[in-house]
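Colleague: Below are the chains, spelled out letter by letter.
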Amino acid sequence: MSDVEIPPLSDQPYLIDDPEDDRPRLQGCECADCGKRVFPPVAVCPECLGENMEPLPLSREGLLYSYTAFEQGARWVGGPYIAAYIDMPEGVRIFTHIDVDDPGRLTCDMPVILRVTEPVVNADGREVLKFKFAP
Amino acid sequence: MRDVSIIGTGMMRFGKHLDKGLVELAWPVVKEAIAEAGVEKEDIGIAFCGTVGSAGIMAGQSILKTLGMTGIPIANVEGACSSSGIAVRLAWMAIRAGECDVALAIGADKMNRTGPRHAPDHGEDWDMAYGLAMHGLYAMRARRYMNDYGITEEQLSSVSVKAHKLGAKNEFAHIQKEVTLEEVMTSRMIADPLRLWHCCPVSDGAAAVVLAADDVAKKVCDKPVKIVASVQHSGKYMTGFRDMTMPEVTQRTAKEIYEKAGLGPEDLDLVEFHDAFTINELMYADAIGLSKPGEGVRLLEEGESTVGGRIPINPSGGLLSRGHPIGPTGAAQIVEVTRQLQGRGGARQVEGAKVGLTHVTGGGVSGLDHGACTMHVLAV
Ligand SMILES: [Zn+2]
Numbered sequence: 001m002s003d004v005e006i007p008p009l010s011d012q013p014y015l016i017d018d019p020e021d022d023r024p025r026l027q028g029c030e031c032a033d034c035g036k037r038v039f040p041p042v043a044v045c046p047e048c049l050g051e052n053m054e055p056l057p058l059s060r061e062g063l064l065y066s067y068t069a070f071e072q073g074a075r076w077v078g079g080p081y082i083a084a085y086i087d088m089p090e091g092v093r094i095f096t097h098i099d100v101d102d103p104g105r106l107t108c109d110m111p112v113i114l115r116v117t118e119p120v121v122n123a124d125g126r127e128v129l130k131f132k133f134a135p
Numbered sequence: 001m002r003d004v005s006i007i008g009t010g011m012m013r014f015g016k017h018l019d020k021g022l023v024e025l026a027w028p029v030v031k032e033a034i035a036e037a038g039v040e041k042e043d044i045g046i047a048f049c050g051t052v053g054s055a056g057i058m059a060g061q062s063i064l065k066t067l068g069m070t071g072i073p074i075a076n077v078e079g080a081c082s083s084s085g086i087a088v089r090l091a092w093m094a095i096r097a098g099e100c101d102v103a104l105a106i107g108a109d110k111m112n113r114t115g116p117r118h119a120p121d122h123g124e125d126w127d128m129a130y131g132l133a134m135h136g137l138y139a140m141r142a143r144r145y146m147n148d149y150g151i152t153e154e155q156l157s158s159v160s161v162k163a164h165k166l167g168a169k170n171e172f173a174h175i176q177k178e179v180t181l182e183e184v185m186t187s188r189m190i191a192d193p194l195r196l197w198h199c200c201p202v203s204d205g206a207a208a209v210v211l212a213a214d215d216v217a218k219k220v221c222d223k224p225v226k227i228v229a230s231v232q233h234s235g236k237y238m239t240g241f242r243d244m245t246m247p248e249v250t251q252r253t254a255k256e257i258y259e260k261a262g263l264g265p266e267d268l269d270l271v272e273f274h275d276a277f278t279i280n281e282l283m284y285a286d287a288i289g290l291s292k293p294g295e296g297v298r299l300l301e302e303g304e305s306t307v308g309g310r311i312p313i314n315p316s317g318g319l320l321s322r323g324h325p326i327g328p329t330g331a332a333q334i335v336e337v338t339r340q341l342q343g344r345g346g347a348r349q350v351e352g353a354k355v356g357l358t359h360v361t362g363g364g365v366s367g368l369d370h371g372a373c374t375m376h377v378l379a380v
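Taken in sequence, the protein lines are chains A and B. Residue numbers for the first sequence follow the numbering used here, so the first one is 1 and each next one is one higher. Residue numbers for the second sequence follow the numbering used here, so the first one is 1 and each next one is one higher.
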């Protein structure tokens, strides 16, 4: 489905330059009213419907919950690529890609770290992902 | 509220039907279901068509006008793979509510026209936009399940061997041939650990079910099959961690349907569930309560989940063999269980079956276990 439009997934930035150490990090959000945490940032809290979502910078390291090496991936991304769910210490789970030459190195629950890469570009030349995680 | 029974079924062989349009595929199964029901087409008071829109909008109207059946309320229902399971449920609800006495549920789609459609492709869904195709979602479940419970690739592959052994006896199956363990284990990798033979084929097809209020059903049908309970849910939105080896929407729907039906997994004679990939058979057996968590594989290895065993799972060969045209899958399961309970299961008949369960999930949405899950308990 190469005609799929990919609008901005969030109207707030989810990949930021951390002024403290000048390196990028991911940013989710936290509800100022009930504490619900969401990634990527959203405008309304899915728990209490409050609209006071505040930026929540995320750790750079998370745990690899599960992963798969796609030989044949989603048509609008192409392939092959390694997809994964990463569990972050802040309590949110992130779907992303893994940057590793040999997927045989990966195991469930291993620590992985944020790596800002050359954007993953699909067959239409569109950027689909600006970051990955790596062991 | 009134009890509702299934009085007519229509089914075709799923497969790659490139030479036919959706209407052409679907009208014969609707005609068959009405003929089998012993009612006139004018008796149908409402119709629901489960489809993911592979032939555009207004599928139900297009199919039914071919049989001169428009003029009644017709609703097209989309719930990804659960679409026609939901259509049957809505028909059941309409009769129970007294809207009409007889209702029709159809499922129809052509996946070879659009490619599989089972998740939001509007670009606003994070997981989907970044490349989480459905086979990858199940591959990640498989990875975690195998990790947590020590399941081997050989064990996972034997699900496919069993499914195709049964599917080889099903005249409606897309794939009607047996497959060896070696063939499964050496087939092309799709999304590690899932290989080609771990995945259902991309199919086209249609299925239909006619339902009636019990008082009508008894008059027109020799062997109506009662819908004992029907439950549908959407997955809960979870932004945090969730156990992907125990799909919450299936577990929750199963718990509720057992309560409503007044029975438990031990009372079932057969199950048709959503085995789009091999891992599903192990994971869903656990979630539906046929096995303890992590022990679904035992049913397989001890021969309990095949025809002749204690609890046959997918005697039709399931989605792995019958195919998965998305929209019609839920209705096809209900057709299979209905005919089994009527003793019309042919070479794959589960002897003496009185109570059957169908289960179909649907749709990958970020943060949800699944977009939809629909279950029915049928009995004679
Ligand atoms: Zn809140």
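Since the hints were made in silico from the structure, they are not lab data. Computed from a prediction, not measured in an experiment: that's the story for all the values here. There's no promise every hint is true.
Dumping the calculated SDA-like pairs for lysine to any residue here, alpha-carbon to alpha-carbon at most 25 Å [unchecked claim]:
no.: 1; chain 1: A; residue 1: K36; chain 2: B; residue 2: E248
no.: 2; chain 1: B; residue 1: K236; chain 2: A; residue 2: K130
no.: 3; chain 1: B; residue 1: K236; chain 2: A; residue 2: G35
no.: 4; chain 1: A; residue 1: K130; chain 2: A; residue 2: C108
no.: 5; chain 1: B; residue 1: K292; chain 2: B; residue 2: P201
no.: 6; chain 1: B; residue 1: K226; chain 2: A; residue 2: L64
no.: 7; chain 1: A; residue 1: K36; chain 2: B; residue 2: V231
Derived Cβ-Cβ restraints for the label pairs, each shown as a range [stated by the list, open to error]:
no.: 8; chain 1: B; residue 1: G150; chain 2: A; residue 2: T117; range: 29 to 39 Å
no.: 9; chain 1: B; residue 1: T180; chain 2: A; residue 2: T107; range: 54 to 64 Å
no.: 10; chain 1: A; residue 1: C34; chain 2: B; residue 2: K31; range: 52 to 62 Å
no.: 11; chain 1: B; residue 1: T66; chain 2: A; residue 2: G35; range: 32 to 42 Å
Cβ coordinates follow ideal geometry from the N, Cα and C atoms, glycine included.
Colleague: Which earlier hints turn out false for this structure, listed by number in ascending order?
Modeller: Hint check: 2, 5, 6, 7, 9 and 11 fail, others pass.
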